[in-house]
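Asks: Use the sequences and the hints to build the structure in full.
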Amino acid sequence: MLLATFITSFATSAAEVDQFSRPAELVLNDSSAVIAAEVQRRMNLAIKRANRPAPHLKPRKVQRVPKQSRCSVPRLYDSMAVYLARPIVGQIESYAESVADNDGYRIPLNRSIYRNFTWPQSPSLVLSERVAAVIRVGGEEVGTDKMGHFFTEGHTYFEMTKHLTLPVEEAILFGEWTESVYFGAQTTGVYSYADLVANFNGLRFWNRILALQPDPLLLSMTRPYVRCEDRQWVPEARFSWVEYVDSAWNESVNCPVFRTLGLLEEVLTQAPLCTKDKLPQNRYGTLEGRLFNQAGLAVMPDYLQPEVLWLQREPESLSGQTFRRIKSLRERFERWRLEKELQLLESRRFEAKKNLNKDQS
Numbered sequence: 249m250l251l252a253t254f255i256t257s258f259a260t261s262a263a264e265v266d267q268f269s270r271p272a273e274l275v276l277n278d279s280s281a282v283i284a285a286e287v288q289r290r291m292n293l294a295i296k297r298a299n300r301p302a303p304h305l306k307p308r309k310v311q312r313v314p315k316q317s318r319c320s321v322p323r324l325y326d327s328m329a330v331y332l333a334r335p336i337v338g339q340i341e342s343y344a345e346s347v348a349d350n351d352g353y354r355i356p357l358n359r360s361i362y363r364n365f366t367w368p369q370s371p372s373l374v375l376s377e378r379v380a381a382v383i384r385v386g387g388e389e390v391g392t393d394k395m396g397h398f399f400t401e402g403h404t405y406f407e408m409t410k411h412l413t414l415p416v417e418e419a420i421l422f423g424e425w426t427e428s429v430y431f432g433a434q435t436t437g438v439y440s441y442a443d444l445v446a447n448f449n450g451l452r453f454w455n456r457i458l459a460l461q462p463d464p465l466l467l468s469m470t471r472p473y474v475r476c477e478d479r480q481w482v483p484e485a486r487f488s489w490v491e492y493v494d495s496a497w498n499e500s501v502n503c504p505v506f507r508t509l510g511l512l513e514e515v516l517t518q519a520p521l522c523t524k525d526k527l528p529q530n531r532y533g534t535l536e537g538r539l540f541n542q543a544g545l546a547v548m549p550d551y552l553q554p555e556v557l558w559l560q561r562e563p564e565s566l567s568g569q570t571f572r573r574i575k576s577l578r579e580r581f582e583r584w585r586l587e588k589e590l591q592l593l594e595s596r597r598f599e600a601k602k603n604l605n606k607d608q609s
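Residue numbers (our numbering): 249 to 609.
The calculated DSS-like cross-link candidates involving lysine-lysine, where the alpha carbons are at most 27 Å apart (straight line), are:
1. Lys601 to Lys588
2. Lys588 to Lys602
3. Lys588 to Lys575
4. Lys410 to Lys296
Since the hints were derived computationally from the structure, they do not count as laboratory data.
Replies: Have a look at this one:
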């Protein structure tokens with residue numbers, strides 16, 4: 249099936265984290281300073297790159313180079329993206345994973361709340377076995393995958409809103425749609441609200457590089473990270489995690505929902521505790537209904553299905569007939585998953601029976 253091939257192709261693009269199976273007596277060191285220092289180092293490298301002539305403006309033997317206009321905003325944003333917004337697994341996400349080797353913890357897939365997921369239901373998790381590590385950032389424990397969401401998806405939000413000159417709603421809807429398709433529900437079986445919180449705070453970060461628009465959370469102007477001085481970009485404010493990370497980044501506080509009842513039931517067999525009472529109430533205002541899961545562990549609601557979100561994003565271009573076709577395709581794919589899962593379980597039972605007979609003979 250074409251759709252199955254498409255979804256499975258994203259197996260390395262999406263990861264989940266298990267913050268429900270945390271070792272009880274574990275004490276994590278605060279990694280915020282060391283990771284913030286790496287972010288600042290990369291930002292400084294990006295500034296140096298932005299101040300150099302673009303490659304197509306480098307001098308040649310027989311050609312004079314046009315005088316470059318200094319403090320190029322597009323080149324600054326491009327340079328920041330080169331150093332901070334790598335697709336698939338971002339640079340800071342990779343760095344945080346290395347920090348977690350000494351100051352974090354990892355729950356392997358076969359011991360996680362996702363241990364009973366099968367590849368037809370959760371191709372990304374089961375085929376890649378990619379479960380993110382957990383580190384402490386300030387007073388909060390967060391998955392290292394959130395660093396990728398913060399920088400890479402936050403950058404996508406920034407571009408989708410044309411650097412926050414368009415409504416934030418454009419970015420929020422896009423984030424919900426990607427979480428319902430290839431970054432979550434269709435690839436891992438998990439729709440993560442904590443991912444959406446990291447995405448939104450990443451949008452705030454990218455806006456603050458030059459702070460040309462009000463912060464979308466504070467609704468006020470902030471001090472930029474970079475400013476123009478003598479026709480050169482120079483650092484201004486230093487990066488810190490304190491203004492971005494809160495308890496809504498924690499998957500055991502801002503808990504996920506699951507694509508099907510079967511997936512939810514598999515998770516509930518591990519008795520995970522969702523502490524939604526620890527959500528940072530009143531911090532995100534009207535966005536809380538979009539970024540927070542106030543209901544706890546549950547099945548993903550119908551209003552988060554891909555075709556419903558697509559209709560909200562493209563109300564004029566998506567006809568009723570196309571909407572119904574997309575919904576039908578999704579439902580057919582879900583039936584295909586169930587068929588494959590039944591075949592897989594039957595095969596496992598056959599192998600177990602064969603091995604038992606071999607042992608008895």
